[in-house]
Amino acid sequence: MTSAGVVSTLAGSGDADFVNGIGSTAQFNTPTGVVVDSRGNVYVADGNNHRIRKITPTGVVSTFVGSGTAAFANGTANTAQFDLPA
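Each residue of the sequence shown is one higher than the one before, starting from 55 at the first, in my numbering.
Be careful, since some hints might not be right.
To be verified - Restraint-style ranges between C-beta atoms, simulated for each label pair:
| id | residue 1 | residue 2 | range |
| --- | --- | --- | --- |
| 1 | 56 | 132 | 26 to 36 Å |
| 2 | 127 | 60 | 19 to 29 Å |
| 3 | 86 | 114 | 33 to 43 Å |
| 4 | 58 | 88 | 12 to 22 Å |
Calculated from the structure, these hints are not laboratory results.
Remember, it's a predicted structure, so these values are computed and weren't measured experimentally.
Ideal Cβ placement from N, Cα and C applies to all residues, glycine included.
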């Protein structure tokens, strides 16, 4: 949201699925929690995909962490497991 109160979509097609990509080609499934880092990257808890996704300032969406399996397990970025992260 801008300082003027204008809301716009950073990424996502509106269809519930899992697709990494650029802008509206990306897909999320029940995005919940959102945080922004000092470089302008946006991190989204993608609940039903059981992953944390990253959106760069240029709109590139990738999986930051999580295997996509609904479970609880420590591990590397692509092997860690979450169940409905928020």
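Quiz prompt | Distance restraint evaluation - residue 127, residue 60, Cβ atoms, bounds 19 to 29 Å | solution = violated (40 Å)
Quiz item: Do the beta carbons of residue 56 and residue 132 sit within 26 to 36 Å of each other?
Solution: holds (35 Å)
Quiz item: Does the Cβ distance between residue 58 and residue 88 fall inside 12 to 22 Å?
Solution: holds (20 Å)
Quiz prompt | Range hint compliance [Cβ, residue 86 to residue 114, 33 to 43 Å] | solution = Given a distance of about 21 Å, which is not inside 33 to 43 Å, the answer is violated.
The structure is inconsistent with the numbered hints 2 and 3, although it conforms to all the rest.
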